[in-house]
Amino acid sequence: MRTFWVLFKKELRAFFVSPVAYIVLALVMVLSGFSFRAALSVLESAPSEGSIVTWTFHAMWFWLSYFFIFPLLTMRLFAEEKKMGTLETLFTAPVSAWQVVWAKYLAAVVVYCVLWVPSYINFRLVDWISVGQVEIPHGALKGSYLILLAMGMFNLAVGCFASALTSNQIIAAVISFTISLLHFLIGLFIMVVGRKVADTFVDVISYFASMEHIRTFTSGLIDTRPLVYYTSLALLFIALTHQVVEFRRWRP
Amino acid sequence: MIEVQDLTKQYAGRTAVDHISFKVEQGEIVGFLGPNGAGKSTTMRILAGYMPPTSGRAAVNGHDVFHDSMEVRRSVGYMPEMAPLYADMKVKEYLRFRAELKGLRGSDMRKRVGECMDLCAVTDVRRRLIGNLSKGYRQRVALADALLHRPPLLILDEPTNGLDPVQIRHVRELLRSLRPAHTILLSTHILQEVEVSCDRVVMIHQGRIRAIDTPTNLTRQIRAASLVHVELQGKGDITAKLEALKGVRKATQEFADGPWLCYSLRVEARYDVREALMDLATTQGWKIRELHRQLPSLEDVFVELAASAPEKT
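Here the protein sequences come in this chain order: A and B.
Residue numbers 0 to 251, in numbering that gives the first Met the number 0, belong to the letters of the first sequence in order.
Residue numbers 0 to 312, in numbering that gives the first Met the number 0, belong to the letters of the second sequence in order.
Derived by calculation from the structure, the hints in this document are not laboratory data.
Fair warning: there could be bad hints in the mix.
Each computed EDC-like pair below joins lysine to aspartate or glutamate, with the alpha-carbon atoms no more than 16 Å apart [unchecked claim]:
(1) A:K8 <-> B:E92
(2) B:K234 <-> B:D212
(3) B:K245 <-> B:D212
(4) A:K8 <-> B:E2
(5) A:K82 <-> B:E267
(6) A:K9 <-> B:D87
(7) B:K22 <-> B:D63
(8) B:K249 <-> B:D236
(9) A:K82 <-> B:D163
(10) B:K110 <-> B:D87
(11) B:K240 <-> B:D256
(12) B:K134 <-> B:D163
(13) B:K91 <-> B:D63
(14) B:K286 <-> B:D212
(15) B:K249 <-> B:E267
(16) A:K9 <-> B:E92
(17) B:K245 <-> B:E267
(18) B:K22 <-> B:D212
These figures come from a predicted structure and were not determined experimentally.
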């Protein structure tokens, strides 16, 4: 456990001494500002069913930021160490591959959580400025951040896995971007095909649909199925990452 | 301290290390000598617990490198080739991180980091980013890292690579000063290196052990044929006369530059024909404008060994 903390601290620190974390933070801040503004303008023009939370996380801007975050945060993790040869130094110290994988992954998760702080500040700000005029459903807000965390955990695990596969950060980024996008497109599939296919098929597909999950949670409904789905996928990809790292260690 | 038995490592389709066996006793400094690609780094990586052998057995301090990898890593201070380090960390910060990874804590950790920085002469750069350091400094930071947890065994892959002569001498002295408490296995492809600092030499070529002996015995054995170049002007059957000299194995004319003829002579080990050649030239009335002897490089020695010597295992 001590070893894990030492590694975790080092990984977390590595995020904040390189410019990457700040760039991603700035990007997410701008884009969440845009999506918040988009949500406000929807509410301005006409009475609407959804709350401000729903509209914020349905804006195109939100999805734009969503896909860039994961490759940018995770591409460095293993690929850089492999390229620099530091993996050899690391694994000749008494550390296990599990400790390394978890330390890197959880550091990325923590940074990811930090990224959403500005968007929360947006909600607080509007609450403060409008003196409670704009209704903010707090339950739905909590739900939104919960599903964001779950989806983030899954996508970051994918990114970890991609980074472990190669020593080239660009390739790692492309792999993780592709997997994340494909996963998202499965969900979009129903929207495109609509009702032309069998209902059972649509039902099955909608279990994978990220947009559907966001819709549920932002309207204030906590559904455990997506949570279990994302957590188990995250665990699967972390296990895969561990396998890859161990395999590499046995055959550098 | 180290026991290696029938160790083999194969990469996809290529055998890097081929059934090698050797032993290193407590307190020895053993040099691992061989040209690039001989299998030195692979063997050292296996011994440091970084990867397992394909077959065979290796034990460090009584622990098997595969089944007991963590214990092995705890008792080995390993310095990889090229000294890979985190470029975005400062020297002291890096060494503290490594010390904590290796299980040192609190004031003991801080004291030990200071000691190792002093030993390896990196104290004056402790606040600088590793990425901005010169090769020599990085090499010494990596060495300090290897020493941190007071390992009974040090495995150093080309520790003097990239250092200037003064630094090389410094590292040699440092290694010798560590001797009673530490056993050291170091690799190099420089022959003098092992002659100066090692008690015993394990010579490896193309994944096989060619010889294990003390440096003195070994150099006596392996002094292979040297080459003598001579440029002369003269008449008669020069080649035959040159080959008649004692110790000359073969004389070949390399090229002619006008009246000047350039010969190279392969000379048996332990012979120096330069003086006899001058005498010969005087009696024959030859003119000589260049004469020099080229001592065999390690590469030559290995080529010779690979071609001729029976394997010693």
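Each hint, compared with the structure:
| no. | hint | verdict |
| --- | --- | --- |
| 1 | A:K8 <-> B:E92 | holds (12 Å) |
| 2 | B:K234 <-> B:D212 | violated (47 Å) |
| 3 | B:K245 <-> B:D212 | violated (30 Å) |
| 4 | A:K8 <-> B:E2 | violated (37 Å) |
| 5 | A:K82 <-> B:E267 | violated (47 Å) |
| 6 | A:K9 <-> B:D87 | holds (11 Å) |
| 7 | B:K22 <-> B:D63 | holds (14 Å) |
| 8 | B:K249 <-> B:D236 | holds (14 Å) |
| 9 | A:K82 <-> B:D163 | violated (26 Å) |
| 10 | B:K110 <-> B:D87 | violated (23 Å) |
| 11 | B:K240 <-> B:D256 | violated (20 Å) |
| 12 | B:K134 <-> B:D163 | holds (10 Å) |
| 13 | B:K91 <-> B:D63 | violated (33 Å) |
| 14 | B:K286 <-> B:D212 | violated (44 Å) |
| 15 | B:K249 <-> B:E267 | holds (9 Å) |
| 16 | A:K9 <-> B:E92 | holds (10 Å) |
| 17 | B:K245 <-> B:E267 | holds (9 Å) |
| 18 | B:K22 <-> B:D212 | holds (12 Å) |
In terms of the numbered hints stated before, the structure departs from hints 2, 3, 4, 5, 9, 10, 11, 13, 14, listed from lowest to highest.
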